Amino acid sequence: DAKTTQPTSMDCAEGRAANLPCNHSTISGNEYVYWYRQIHSQGPQYIIHGLKNNETNEMASLIITEDRKSSTLILPHATLRDTAVYYCIVRSSPFTGGGNKLTFGTGTQLKVEL
Amino acid sequence: NAGVTQTPKFQVLKTGQSMTLQCAQDMNHEYMSWYRQDPGMGLRLIHYSVGAGITDQGEVPNGYNVSRSTTEDFPLRLLSAAPSQTSVYFCASRSSGTSGANVLTFGAGSRLTVL
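Those protein sequence lines, which keep their order, are chains A and B.
Counting along the first sequence from 1, when you hit position 97 you're at 97 in the working numbering, and nothing is skipped either side.
Counting along the second sequence from 1, when you hit position 22 you're at 1022 in the working numbering, and nothing is skipped either side.
Note that these hints are calculated values from the structure, not bench results.
All figures in this text were calculated on a predicted structure; none of them were measured in a lab.
Glycine included, every Cβ here is placed at the ideal spot set by N, Cα and C.
Do not rely on the hints blindly, as some may be mistaken.
[To be verified] Only part of the chain B face toward chain A is listed, based on derived beta-carbon distances under 8 Å:
1) L1013
2) L1043
3) F1106
[Claimed, not checked] Covered stretches of chain A (chain B as the covering partner; in silico rule of three or more C-beta atoms under 8 Å from a C-beta of chain B):
4) 44 to 52
5) 103 to 110
[What the hints assert, rightly or not] Beyond 10 Å from chain A on every Cβ pair, some chain B residues (computed):
6) P1008
7) Q1011
8) T1020
9) G1063
10) Q1085
11) T1105
12) G1109
13) V1114
14) L1115
Take these sequences, add in the hints, and give me the full structure.
Below, the structure written as structure tokens:
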């Protein structure tokens, strides 16, 4: 699986958009980008994933660059409850072999403040 | 619909004791896995299973055993607990029926302290 690089920490004012970057310059054609978050002491929570098109759901938007070497998770109106560690993970489809493992790095600690 | 249920939430063991962390899911998911999380580190995969009767090792399997006799349950056994196994343990599951989707559902975690 491709390696990802994320900033260690970021701050965001409540009500503003939080833009969390992720670099995955070695991503291959069949690898998806997944985002999870982990609120303190809880189990990680799935947010969104995409292959090459931008994606949006009720939680967030995912913008993937055209060359797919980086992506940005956008929380459009961050609240205090969005304070968490955000993990960017690159993984091939489970149906292309290589097991079913997701590798979680250390992620980005997002702190949303008043 | 309970999702993924882990028990116990907290456990204190003495070195050398054995115990089992329980994990159950009610979503009929084929894939289940165990992760551990240590302070300042990401989650590390211990063992996983792609279906009943099938298990495999992850990154850090030493000191842990698993079995998968039913689709619903995936217990993690510590045979002889060591202080290095002090950690928070998370169980996760997902369906293998959706192409491209590694959408894991995690349990709330089990915090284990080995003295």
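These are the hints, each one checked on the structure:
no., hint, verdict
1, L1013, "violated, 20 Å"
2, L1043, "holds, 4 Å"
3, F1106, "holds, 3 Å"
4, 44 to 52, "holds (count 5)"
5, 103 to 110, "holds (count 5)"
6, P1008, "holds, 15 Å"
7, Q1011, "holds, 15 Å"
8, T1020, "holds, 19 Å"
9, G1063, "holds, 19 Å"
10, Q1085, "holds, 19 Å"
11, T1105, "violated, 7 Å"
12, G1109, "violated, 6 Å"
13, V1114, "holds, 19 Å"
14, L1115, "holds, 21 Å"
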